[in-house]
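Student: Throw the hints in and build the complete structure from the sequences for me.
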Amino acid sequence: MFIFSMIIFAYMSQDMDNEGKLVSMLLEANKDVRYACICDSDGKILWNSRRNDLESLMTLEETKASLKRACENWKDRDKLSAKIGRGRYAIVDYEKLKRVTVPLRNNHLLYVHVEGHKPAYIEDIMKIVDWVAEHPSQA
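With the first letter of the sequence shown counted as 1, position 80 gets the number 83 in my numbering; the numbers rise by one all the way through.
Watch out, some of these pointers could steer you wrong.
Said to hold, decoys possible - Computed cross-link-like contacts, EDC-like style, restricted to lysine to aspartate or glutamate with a CA-CA straight-line distance of at most 20 Å:
#1 Lys-78 / Asp-45
#2 Lys-78 / Glu-58
#3 Lys-71 / Asp-96
#4 Lys-24 / Asp-96
#5 Lys-47 / Glu-22
#6 Lys-24 / Glu-137
#7 Lys-34 / Glu-58
#8 Lys-24 / Glu-126
Just so you know, the hints here were simulated from the structure itself, not pulled from any lab data.
Tutor: Below, the structure written as C-alpha cells:
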C-alpha cells in the first residue's frame, strides 16, 4: 500500500467512521487519486481528503458547485433506476483529471478526482467501496 502525506478534514465527529476511512483508504491505495470526499444528497461535504503534495486544480467554491451538480445528476439518474437498474458509478473525463462519483448506500455520494492520464483507477475505487460496505466494523 502506498504511504503518502495527506490532510484529512473530519466534519462529522472526532472518531473516524466508515466513510472517513473510505476516503483515507482511497488516497492510500491509489497514488493517482488527487482528492476524495463524501457528501450528503444536497452536496454538503461530510468528509474530504486531498494530497497535500499536489496543487489543487479547483477552488473549494468550485468543488462545492461541482458536488451540487453531481448530486443533481444522480437524482436525475435515479428516476430511471426502476427501468434500467441503480447506477453504480459515473465518470466525467476532463483533460487534466477524471471525476468519479459513486452513490453510497446511505444516500451519500463518493466524489473522487483522479489524475487525467490514468485509466486503471475505477477497479481500485470500487474494490475499496465494496470492501468497506461489506465490512463496516473492520474498515
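Student: Are any of the numbered hints broken by this structure? If so, which, sorted upward?
Tutor: 2, 4
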